[in-house]
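Protein chains in written order, with the working numbering: chain A, 1 to 231; chain B, 232 to 462; chain C, 463 to 693; chain D, 694 to 924.
You may find that some hints are simply not true.
Partial pick of chain D residues on the chain A-facing surface, computed with a CB cut under 8 Å [as the list claims (entries may be wrong)]: (1) Ile765; (2) Asn790; (3) Glu793; (4) Ser821; (5) Ile822.
Derived from the structure by calculation, the hints contain no laboratory data. Glycine residues also receive a C-beta, built at the ideal position from the N, C-alpha and C atoms.
Number of protein chains: 4
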Amino acid sequence: MNKLNIKRPFFMFNPKSYLYGKELLELAIEADKQAEKYPEMSIFVTAPFADIEMISKSTHNIIVTSQHMDGIIPGRGMGHILPESLYNAGARATFLNHAEQPLKLNEIISSIQRANDLGIITVLCADSIVEAKALAMLKPDIILCEPTELIGTGKTSNASYVEKTNSAIREVDKNILIMQAAGISTPEDVYNIIKMKADGTGCTSGITNAVNPKEMLVNMIEAAYEAFNND
Amino acid sequence: MNKLNIKRPFFMFNPKSYLYGKELLELAIEADKQAEKYPEMSIFVTAPFADIEMISKSTHNIIVTSQHMDGIIPGRGMGHILPESLYNAGARATFLNHAEQPLKLNEIISSIQRANDLGIITVLCADSIVEAKALAMLKPDIILCEPTELIGTGKTSNASYVEKTNSAIREVDKNILIMQAAGISTPEDVYNIIKMKADGTGCTSGITNAVNPKEMLVNMIEAAYEAFNND
Amino acid sequence: MNKLNIKRPFFMFNPKSYLYGKELLELAIEADKQAEKYPEMSIFVTAPFADIEMISKSTHNIIVTSQHMDGIIPGRGMGHILPESLYNAGARATFLNHAEQPLKLNEIISSIQRANDLGIITVLCADSIVEAKALAMLKPDIILCEPTELIGTGKTSNASYVEKTNSAIREVDKNILIMQAAGISTPEDVYNIIKMKADGTGCTSGITNAVNPKEMLVNMIEAAYEAFNND
Amino acid sequence: MNKLNIKRPFFMFNPKSYLYGKELLELAIEADKQAEKYPEMSIFVTAPFADIEMISKSTHNIIVTSQHMDGIIPGRGMGHILPESLYNAGARATFLNHAEQPLKLNEIISSIQRANDLGIITVLCADSIVEAKALAMLKPDIILCEPTELIGTGKTSNASYVEKTNSAIREVDKNILIMQAAGISTPEDVYNIIKMKADGTGCTSGITNAVNPKEMLVNMIEAAYEAFNND
Numbered sequence: 001m002n003k004l005n006i007k008r009p010f011f012m013f014n015p016k017s018y019l020y021g022k023e024l025l026e027l028a029i030e031a032d033k034q035a036e037k038y039p040e041m042s043i044f045v046t047a048p049f050a051d052i053e054m055i056s057k058s059t060h061n062i063i064v065t066s067q068h069m070d071g072i073i074p075g076r077g078m079g080h081i082l083p084e085s086l087y088n089a090g091a092r093a094t095f096l097n098h099a100e101q102p103l104k105l106n107e108i109i110s111s112i113q114r115a116n117d118l119g120i121i122t123v124l125c126a127d128s129i130v131e132a133k134a135l136a137m138l139k140p141d142i143i144l145c146e147p148t149e150l151i152g153t154g155k156t157s158n159a160s161y162v163e164k165t166n167s168a169i170r171e172v173d174k175n176i177l178i179m180q181a182a183g184i185s186t187p188e189d190v191y192n193i194i195k196m197k198a199d200g201t202g203c204t205s206g207i208t209n210a211v212n213p214k215e216m217l218v219n220m221i222e223a224a225y226e227a228f229n230n231d
Numbered sequence: 232m233n234k235l236n237i238k239r240p241f242f243m244f245n246p247k248s249y250l251y252g253k254e255l256l257e258l259a260i261e262a263d264k265q266a267e268k269y270p271e272m273s274i275f276v277t278a279p280f281a282d283i284e285m286i287s288k289s290t291h292n293i294i295v296t297s298q299h300m301d302g303i304i305p306g307r308g309m310g311h312i313l314p315e316s317l318y319n320a321g322a323r324a325t326f327l328n329h330a331e332q333p334l335k336l337n338e339i340i341s342s343i344q345r346a347n348d349l350g351i352i353t354v355l356c357a358d359s360i361v362e363a364k365a366l367a368m369l370k371p372d373i374i375l376c377e378p379t380e381l382i383g384t385g386k387t388s389n390a391s392y393v394e395k396t397n398s399a400i401r402e403v404d405k406n407i408l409i410m411q412a413a414g415i416s417t418p419e420d421v422y423n424i425i426k427m428k429a430d431g432t433g434c435t436s437g438i439t440n441a442v443n444p445k446e447m448l449v450n451m452i453e454a455a456y457e458a459f460n461n462d
Numbered sequence: 463m464n465k466l467n468i469k470r471p472f473f474m475f476n477p478k479s480y481l482y483g484k485e486l487l488e489l490a491i492e493a494d495k496q497a498e499k500y501p502e503m504s505i506f507v508t509a510p511f512a513d514i515e516m517i518s519k520s521t522h523n524i525i526v527t528s529q530h531m532d533g534i535i536p537g538r539g540m541g542h543i544l545p546e547s548l549y550n551a552g553a554r555a556t557f558l559n560h561a562e563q564p565l566k567l568n569e570i571i572s573s574i575q576r577a578n579d580l581g582i583i584t585v586l587c588a589d590s591i592v593e594a595k596a597l598a599m600l601k602p603d604i605i606l607c608e609p610t611e612l613i614g615t616g617k618t619s620n621a622s623y624v625e626k627t628n629s630a631i632r633e634v635d636k637n638i639l640i641m642q643a644a645g646i647s648t649p650e651d652v653y654n655i656i657k658m659k660a661d662g663t664g665c666t667s668g669i670t671n672a673v674n675p676k677e678m679l680v681n682m683i684e685a686a687y688e689a690f691n692n693d
Numbered sequence: 694m695n696k697l698n699i700k701r702p703f704f705m706f707n708p709k710s711y712l713y714g715k716e717l718l719e720l721a722i723e724a725d726k727q728a729e730k731y732p733e734m735s736i737f738v739t740a741p742f743a744d745i746e747m748i749s750k751s752t753h754n755i756i757v758t759s760q761h762m763d764g765i766i767p768g769r770g771m772g773h774i775l776p777e778s779l780y781n782a783g784a785r786a787t788f789l790n791h792a793e794q795p796l797k798l799n800e801i802i803s804s805i806q807r808a809n810d811l812g813i814i815t816v817l818c819a820d821s822i823v824e825a826k827a828l829a830m831l832k833p834d835i836i837l838c839e840p841t842e843l844i845g846t847g848k849t850s851n852a853s854y855v856e857k858t859n860s861a862i863r864e865v866d867k868n869i870l871i872m873q874a875a876g877i878s879t880p881e882d883v884y885n886i887i888k889m890k891a892d893g894t895g896c897t898s899g900i901t902n903a904v905n906p907k908e909m910l911v912n913m914i915e916a917a918y919e920a921f922n923n924d
C-alpha cells in the first residue's frame, strides 16, 4: 500500500507515555495547525495506542504515529499490537526498536514487512553507528540515530557524530531519511541539527516539560523550517 | 479507585487480534444489547488497544477490556501500554499473563498495582493449578484457568479439573472470581461450565469463526444466564 | 531425587559474574575449608555456568550453585541452561528469578519442577513481600528476600522488613527457609541479620570488593555461625 | 585478541541440549580424532555451558563452541553468560541469535563486540535473506543461513536458496564465511551442500538420532572433505 509522502524537514513530537487524553489532544491540535501552516514539512505526533483514534479523528495534517507495532497478522496474538488495528485507528507511521523497547532482529523484520503491507511509515531507532548500518539493510523509511547514553540528558549529538551516521547510512541506502534527535531541548538545538543536514528531528521532554509546551512546540517547528529553508 | 462491580455469571467475549474496526464494533454493540437485556450478568468485551476508545464510545453496558497493560506510570515508557491511556479511552478491565503473552512475576505485580490505583478489573490467566495458586496470592479480581494445551482445541476442561482449580484458588482467597474458558466452542459448553460452578466463562474463535458470530454470541450469553439461574 | 540437606544457618557466597576461573576457584576452596570447619552450617558458592565443573571437582563440602536454570528437558533448547548439564557438572542448587534476571511466572514453575526432578535445591528471589508470598506457593527450598532498591547499596533490610517477610512467608509455608541478604557488606551485618531470625544470608560485592576477600569470606561465615549458636 | 583460523570446509557438530556429560564427551572425542585426521578442515563442536570445560580438557583439535554468549563484562550480570568464563573454560567460538534463542539487535552487537575482544569466533544465525544481509553489516566470522521453517524437518535448502544467500551476504562483506545447514541429515546432504559452495555445514539430530551417531559424524565429516577437495 502507498505510504504518505515524507517532506523535509520533518519534525516528530514524541510525547511517549508522558501525555494522554485531553492534554495530548491539545498539543496534537496545535501541531496540526503548524502542519497546515508549513505544508512543505511533515509533522509527526506519536500517541499511546489507545489515544491514536482520538488524535486521528481531531487532526488532518499531522502524521499520527504509533510508539510500536508487532509483526503479527489478524488472529490470536493476545496482548500484542495489531497493525490493522493501528491503521484503522488512523496511524500512518510507527516507531520500532526504540531504546526503551529494543526488539529482536526477527521482530524488526516482521514488523517492517507488515508496515509495508499496510502503508505505514517505519521509524527505526539505532543507538550506535553499527546498529544504524544493520538497520539500513532493512530499508526502513526513517532511521533515528540516538546514542542511548544521550537520551533525556539535554546533550545533543555533535556535528561529527551526525556527519558520521549520515554518511554511514547513506552509504548503505541513500533513500533512507535520517532523523537526529538526541538531547534536543530548545529551538536552537532544532535549528542546529537541521543545519547539520539531518532530514528531520524531534523532541519529547523538551516540549512536555516546558513552561509553555505549546509555545515550545511551535517554536521548534518554526526553527526546523527556518534552518532548512534559509541560508 | 472503585472498580465496576462484577456480577455472576459473567461472560467474556475475547476476540483477541482476530477482529478490529467495524467488524469488532458490530459484535461489541450486540454484546452491549445483551448486557442491557441481562442486567444481572457482567459482559466483558476485549479489544485491541487502538480499538478501545471506539468500542467504549459506542457501548454503555459492557465492560470494555484491554488485552494487556504494563505496570508503568506516565513518563518515558515508549512502546509500552500506559494504564492511564487505557482508562481514559474507556477500559475498565484488563487481561494479564495470557498464555500468548506470559509475563514476568514482577511485571504481573506492578500491573495489578496500577490497575488497583485506577479502578481497573484484573483478569489473570493461569495455565496450571500451581500457577493459579501463586496468582491468587496477588489478589486479582478474576483468575482464568486455562490449561495451555487446550487453547483453541475445542476441548473443554473436565469437571474434575474445574473442581480442582476452583477449590485450589478458593482455599487461598475466596473473594477471587473464577473463569473457566478452555475450549469453549458451543452454547452447551458454556452451559456446562457454568453448571460446574465457574463464576464466568468466555470464548474467542467459537464466536469469531462461527457461521453467524452474532447469533453464537447471543446464544452463549443466554446459555450462561440459563445455567446460572435455572435448575 | 533427593536434595542435599540444608543446615542452618546457611551462608551463600554469590560472586555473580564478578569472578571466574582461578580467582573464583581460590575463594571457593577457602569456602570449602570453612564448610569443613563448620559442618553444622551449609555453605553455598555460586559460579558462572562454565565454571561449575571446575569448582565442583576441587571442592567437597560446599554446595555448588548455579546462577539460573531453564525449565527445559534434553532436546533442542539451543542457548538455554540445561538442568541435566548443570547437575552432571556438580551443581546441587540454583538461583531463580534474581533481580538481574527476572523470570516469567510459568518459567519459574517449570524450572522448579525440573530442579525437583533432579534433586537441585531452589533459591527463589523476591523483591517485595507480595512477590515472596506468591513464590512461597511454589514450594521452593529457599526464598531470598531482597528489596531491589537495596541491592549493591550497602544498606541492609531493617528488622521490621525482615520480620514482616519472615512471617509472610511462614504463614504460607513454614518449611521454606528464608534468606535475607540485602546490602550485607560486613561480618556485623551478617551477625545482625542472623540474629533477626533469617535462616541464612549471603554476600557478593562485600566480599569480591574487599581488600582481602578471603578474610572477609571467612569472617562472614564465622559471624553467621556465632550469631546462630551463641547467645 | 586473535581468533583461531577457520579452515574450509568446516563442519559443525551442534548437539544443542540433546547431549551432555559422558555421551557428549565420547562424540566430541571422535570429532577430535577426525579433526586430527583432516587438518585442512575446521571441526566445531558445541556444548551446553556447563560441559564446555570438560570437553575442552579432553580434546585438542576441535573448536569448542558455546551455544550463546551475553555481551556483558565481569560484574553483576547474575544468570547471564559471561564471555570471560566461556573463554577460560576453553570456548573459542559461539553461536548467537539461533532460531531457538533470537536476540535483540543491540544484544547481538554487544555480544559480537565482546567476542572480538576475547578472540571468540562468532557464528550468527539468520532465518531469511534480509536478516542475513543485516547481520552481515556486523562483520561476524560466520553466518548460518537456516530458514526457520526447515529446522528439524530433514529438508535441506535447495541450490537456488543457497546461491541467493551466498551472493546476498558476499555482496555486503565477502570475508564472512557462509554455513548452510538447514535439514542436513545424511552424508549425501553434507556432500551436496558443500558442492553448492557453502563454506561449511553442520548437523544436530541427524547425528544424535542416528542408529550409530559416531559413524554418522565420521561419515559426514568425510563427505564434507570429499565434496570440497575432489572434483
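Next on the checklist: Output the indices of the hints that this structure fails to meet, ascending.
Outcome noted: 1, 3 and 5
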